[in-house]
Each structure stands twice: as C-alpha cells, then as structure tokens.
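Given the coordinates of chain A, work out where chain B should sit on it, guided by the hints.
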Amino acid sequence: MVLKKGFLFTIDSIIGASIIITGILLINSFYIVEPSHTSLDYASHDLINVLSRLKISEVNNPYVDELISNGEITNTDNSILEQIGEFWALDKIDRAGNLTKEFTNDFVDENLGFGFYIEGEKIYSKDKSHNGISISSKKMISGIQRYRTREGFTARAIATKVTKNTTEVFMINPTGSSHGPGNTAEITKKFYINSSDVTKATLFLTVHWGTSATPSNDFDLNGEPIDIGSPWLYTQEKDVTHIGFDVVDITNDVTSGWNELKIKFLIQSDDHTHIHPGSKIIVEYESTGKFVPSKLVEKRFYFDNVLSKGGNNLNKATGAWSVLPIFVPKGVIIKNATLHIVGKDLKSFGIPDGVPEKGNVQLYLNNEKIEILNVTGTLNKTYDIKDSLSEGTNVVSVYLNCYPGYFFGEDETMLYSDPENDPEGSSYVEIEYEIIDTAKLQYGKIDISLVERFNKSMSTNKSYTKDFEDYDVIESFIQVAQLDSGIVNVKANSQNIFTTPRPLATPSSIYIDSDYLLEGENNFNVFDLCEDCYILNETTLQYYILIPSLVGYGQIFDSEEDAVSDAEERLNLLLGDYVQATQIDREVNPVGGIPSLWGPIIAEVMVWH
Amino acid sequence: MLFILTKAQVFSFDLIIGIIIFGSAILIYYKSATNLSDQDEALLDDLLIDAKTISSSLMSQGYPYNWSKDNVVRIGISNDNRINKTKFEQFSVIPYKESRKLFGTVYDYYVFFRGRNNNIIRFNESLEGIGKPGVNSTNIQTVENPKKLVKVTRLVIKDLDIAKMVIYLWY
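First to last, the protein sequences are chains A and B. Take 2 as the starting number for the first sequence in the working numbering and just add one per residue. Take 1224 as the starting number for the second sequence in the working numbering and just add one per residue.
Wrong hints could be hidden among the right ones.
Mimicking DSSO-like on lysine-lysine, the simulated pairs with C-alpha atoms at most 27 Å apart in a straight line are [what the hints assert, rightly or not]:
| no. | chain 1 | residue 1 | chain 2 | residue 2 |
| --- | --- | --- | --- | --- |
| 1 | A | 102 | B | 1374 |
| 2 | A | 239 | A | 310 |
| 3 | A | 162 | A | 441 |
| 4 | B | 1275 | A | 140 |
| 5 | A | 127 | B | 1374 |
| 6 | A | 370 | A | 165 |
| 7 | A | 129 | B | 1374 |
| 8 | A | 359 | A | 336 |
| 9 | A | 310 | A | 348 |
| 10 | B | 1374 | A | 139 |
| 11 | A | 387 | A | 336 |
| 12 | B | 1275 | A | 129 |
| 13 | B | 1308 | A | 56 |
| 14 | A | 123 | A | 56 |
| 15 | A | 93 | A | 127 |
| 16 | A | 446 | A | 296 |
| 17 | B | 1292 | B | 1324 |
| 18 | B | 1275 | A | 127 |
| 19 | A | 387 | A | 359 |
| 20 | A | 345 | A | 317 |
| 21 | B | 1308 | B | 1355 |
| 22 | B | 1275 | A | 139 |
Calculated from the structure, these hints are not laboratory results. Given the structure is predicted, the values throughout are model-derived calculations rather than measurements.
Just chain A, with the same shape it has in the complex (with noise of 0.2 Å):
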C-alpha cells in the first residue's frame, strides 16, 4: 500500500510537468512580434518635410482657418515650416508653438518623444524619457515678414555741383631740328589750363643735345626764364652728343587759361637738337564739373609751333619736324579724321642722293606714307586720314625741309601752330567718332584724371603693377620717359599695345583701351629694343576713372534729419577724396508698411526614443 502510493505521485509529477512544458511552448508559439518601426531618421526626415512643403493655402483645418480670418496669417502661399518662422520672427512664441503642435502631435508616434526648434530656440515639444538617441532633421527657411517695419523716412542725395582734384598731362612730342653750329631751333608749347586752381605742376623734359657737355639752350614758361638741367636729373652721352632729362616744380609758373613754354635750342655741331620722349606737363588742379558722355565724340591734338632759323649753305641748315599720336578707342565708329599741316618759308637745298623718299616734305601715318613732296614757300594742306587710323595709338610724323640724318633745309622753316590765336590755321590732327559700345557712355558720374609713376630703378625693360580695385576706370595711357629712344613696346596684361612704327616716333603718351584692363591687378610693361635705351622711373601711368555722383534710397529713419544725414554720409564715401560735393539734392520719401525679409534660420525637428 505504501509502495502504490508511491508510484502515484510519480505519475502525476509527470503528467504535470508535461502540461506545464507544453503550456510555456504553445504560448511561446502564439506570441507574435509587432515591431512599430517608426524609424528616428524617418521620423524627422518625412516631418520636417511636410511641414515645409504643406501650404497653408492648401490645408483644411480649422486652427489655420481661425488664424487666417485674424489677420494673424497674412501670407497664404507660406508653408507651415514658414509660416511658424515667421510667427518666431515676430515674436509670437505661443502662435508658433500652437501651430506646430497642430501639424505635428498626431503624427508622431507616441513611443517617441519630439521636440521642434528655431535658431536653437525650442517651439514645441512632446516630452519622452531619452534613451540617448536622437535624429534630428534641419531646413533653412526665410520669408517676407509683412507690416513688420514702422513709418519712417529715407532719403538719396545727388551731387548736383562738385570739385575735383584731377590731374592733366599734356603732351610734350618729339619735335626738333636745326642743323650746324649757332642755328637756332624754337619750340613753342602752348597749353591750356581750365582751372584757378593748380595744386601742382610738374615739367619733365628730355633733350638730345650736340657734343659739348654744357647745353647752350634756353626755356621760358610765360615769358619768364625757368631753370632746366641745372644739373640735369639723369644725362646719358651717346656717339659724342649728350641726353639730359630733367624734372622741374613749374606750380608757380603756370597760370590759369593759356600757358606758353618756350624752348629755345641752340644747335651746337653738325648734329641736330630735339625732344625725346618723356616730356610732357603734369598739372594737377582742382576743377568742377561732371562727366558728359557724348555718342560723338570730336578731338583735335595741335602739333607744337617749331621755328628754325638757319642760313644758306649747307653748313646752316634748318627744319622742323614732330610726331603727333591719334588715338582711336575700341568700339568706335570713326566719322573723320584729318590732318591740316601748315608749314612756312620752306626751301630745300635738293634732296641728296640715298634719300629713298625725293620730297623736302614727308609726312607719314605709321610706317604709311601719307604724301611725299617739293615744296617751296608755304604748305598748307589738309588730309583725310579716315580710312588708314586703326584702334590704339597712331603717329601722324611730319618733316619739313629736313629727314634728320640725311638733310636739312635753307635759311628758315617752320612748322606753324598757335592754338591760341589761330587754332584754325593751325596745324593740328583731329578726330571725330562715333561710340558704339554703349558700356562706354554712362551718364551721372563723376570723371577724374589720374597719373602715378612707375617705381624701382630705370632699365630697358619695366613693368607696373596697378590693381585699380572698384574704380571704373574709362581709358589709360602710359607716357613713356627716356633719355635715348628706339623702338618703345608697350604691353598691358601681356597685350601688345603699342610698338613704335618707324624712326623717332615714339609719341608722349600711348592710349590703353578699358577692355585691355582687368578687375584686379593690372600689368602695364614698357620695353625698348635698343640695348642703352632705358625706360625711366618718370614713366608715368595716367588713368581716367569714373566715380558716381548719386546714392539711393538707403534705410528707414525716425525722422527725416537722420535719413538725410545718412544719405549725405553714403554720398561722402562713395565720392571718397577726389571729389567733394559743393552743392547736394536730397529727397526725402516718407514710407510705411513696407514688406521686410527676415531670415534666413535654421528650423529643426528632433526626435528621440
């Protein structure tokens, strides 16, 4: 009975053991995995992205519509992202948190916690314990803020009348002759100045003289004797003749209108005196006015009046030549263009044999022949030269009773120009064209003249750097110093410019087109083929820029006097230290309720288990 028992609760043990082993089993068959895999990523990616995307135009919600018929929404084309940006933009915390809760509670499951953000700023969030990870999703978004601004005033001012400090140069061309000791050769330069102020002027001359160390020439500005080449600033002796250049302070000399310099070479040897290039005036004065761009443009260069007095043997020979550039801009349209010489007492001793060109006057366009001539007593011819100017620098060379170096004329010659006096009987190059190239012809602004000198030390080869920064810079030149010259090249941002076309016609100043310059830095070169023929550090570069002479509507003031106030200061700057304003027009626009933007800000969405 016992051992029965016994054997009872075995059997049970098993019996429940196994229903308890088959129960764990079946439920553990019967339990099913739902994963709800509302990624993070997904969650902040798909949100921030339909908020950005949903108009408010576009949604039917209740809490929208109220907005809207407030006045709260202004901008119905503004999506929900934009729209809670602007509600921060203006400082409307609650709104914005309100409307994101709207597009966003219902959509974000409630195992994850949420939190929405502007500029780090939080706007709404849905609390959760944070396990430590976290997506998060940005957008950068921006809008117009309507009625935001409050009524105030602005203002432009226009510089209606200006001075200007500006700086001229005026062309000092190779020019001579005269030929046998004791002749005489007079140069006269006349030059116009339109300004009672002059703030200084500068003369810079190279002469080629005869064999003797000591030049025996004179010079007079305005009748009064100036003192040049005592000592010479830089001399060069070349196949026993002498070079000097000098640099004289003429500031007091010079007045306003018309100037007159005198230069007076007496000829010492068989050998010729004469100019080089390199001398010109450089006036610097204060002057009024504006640019006034003109589709037609007309300019006329006079040649220098030069009076050679010699005799009549060949001992005492005379003549008188020049060279004179024309410069043709790019994109023009050239109308005319002629050359009127006049030259007096011409007689010719005959022209020797070797002289390929049997004329005792020979006047050239470049390396062209313009006409070859006999002429005794008077000349004065006009010529159309149209057809044969091409763009850049041109070099009208005209002899009169002379070709220095092969022979010299009888008794007097003279190559007659006063600008002053007689400018129609003068002789002179001009030029009429038309501007096609309409960036040329701007209007409203403000022209300055300025000339700075190349540095370092003189050599044959030399080069400049200018970066001319936000200056609109219209036309340059280089004027070229030297003491002896050859073939002069003139590169600008490695473009050849210029290259003198034939013997001694190297003129004092060679046009630089504005489309041959950059934004930035500039390289002007200047290089001559002859080995001793250096360029100097007086090489100078001369550069006309535009400035504006108006500022508009700037920002919105309180009252009108700070408005104007900022406008005349806007104005000072931009004309900077060339130009003061004399006379300014302001206008003053009272303004309200004006669109604003704000932003742009960086929204984001974060989400975390």
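Just chain B, lined up with the frame of chain A:
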C-alpha cells in the same frame, strides 16, 4: 518502526524523480526557446529590411515617372511627400502577386493611411488599403495568424493634411 521507514522511503524517491523531471523539462524548454529566438531574429530583420524598402519605393515617384499598371517598373505613389492620387489608383489595380514581385519581397504586405487621431483614411467606399486580398488594418492577426509582423510608418501629405502611411509586412 516499519511504518516510519516506509513513509521515509516514499518521500525521498518522489522528490528525486520530481527534481529530475522538472530539471529536464526546464533544460529542454530553454534549449528550444534559444533556438527559436535566433530564427525569429533573422526573420524579423528580413521583414524589416523589406518593409523599409517598400516604404522607400512608395515614397518615390516610381519608374517610369508617369507609370501605369501596364508599364510599371518601380511602384511609387508620392512626389515630395505628396501622395499622387492617380498613382495610388494604379497601385490599387496591380495584381497582388505582381506587386510583391515589384517590391521584391516574398512576404505579405498591407498599406493604408491614418489621419488625425489615428483615424483610418479610406481610399474609397470599398477600399481601405492595398495589399493581400481579404486583409484589412484590423484583421491581420486573426485572418493571417502571422508568425512575425512588422510595421513601418511614413509621413505624407494627403487630402489637404498630413497623414501617416502605414505598411504592415508579415510572415
């Protein structure tokens, strides 16, 4: 004396057998439970990968961009998170087996939308969602009795509001 000895022998024997049986049962259970867990994990991972792939496909424009049931290569019903009703209609008429091939899954799926307050947004009177015939958002457990079931939720713009696109995938 005999009575006492008999009683003592019965208790010791029962206890030893009971402990052996229970110990064996617990060992067998844990052994089988561990094996089952590894298999479940692999299946779950596979379901999740497929569910995410299907969600990405549906969130795209599909291919070709203006696809129809006759030329579809990739099923996509959304453009910039905005549900395209025409494409959703085309999706609804693609035979279920073909759609599974296009999604590249061997598992069963069901796609539907929920709006505010988790309310289901029906496609029309007769259609709540798209997926395995005979299944809806509430009867998957009972009709399919799935071994494993996963859910992926994406946010979209549908019918002038934000909505949740819910994708169920099971085996």
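For each hint, the structure was consulted:
no.: 1; hint: A:102 <-> B:1374; result: holds (25 Å)
no.: 2; hint: A:239 <-> A:310; result: holds (25 Å)
no.: 3; hint: A:162 <-> A:441; result: holds (23 Å)
no.: 4; hint: B:1275 <-> A:140; result: holds (24 Å)
no.: 5; hint: A:127 <-> B:1374; result: holds (22 Å)
no.: 6; hint: A:370 <-> A:165; result: violated (43 Å)
no.: 7; hint: A:129 <-> B:1374; result: holds (21 Å)
no.: 8; hint: A:359 <-> A:336; result: violated (33 Å)
no.: 9; hint: A:310 <-> A:348; result: holds (12 Å)
no.: 10; hint: B:1374 <-> A:139; result: holds (26 Å)
no.: 11; hint: A:387 <-> A:336; result: holds (8 Å)
no.: 12; hint: B:1275 <-> A:129; result: holds (25 Å)
no.: 13; hint: B:1308 <-> A:56; result: holds (18 Å)
no.: 14; hint: A:123 <-> A:56; result: holds (23 Å)
no.: 15; hint: A:93 <-> A:127; result: holds (20 Å)
no.: 16; hint: A:446 <-> A:296; result: holds (16 Å)
no.: 17; hint: B:1292 <-> B:1324; result: holds (13 Å)
no.: 18; hint: B:1275 <-> A:127; result: holds (25 Å)
no.: 19; hint: A:387 <-> A:359; result: holds (25 Å)
no.: 20; hint: A:345 <-> A:317; result: holds (18 Å)
no.: 21; hint: B:1308 <-> B:1355; result: holds (20 Å)
no.: 22; hint: B:1275 <-> A:139; result: holds (22 Å)
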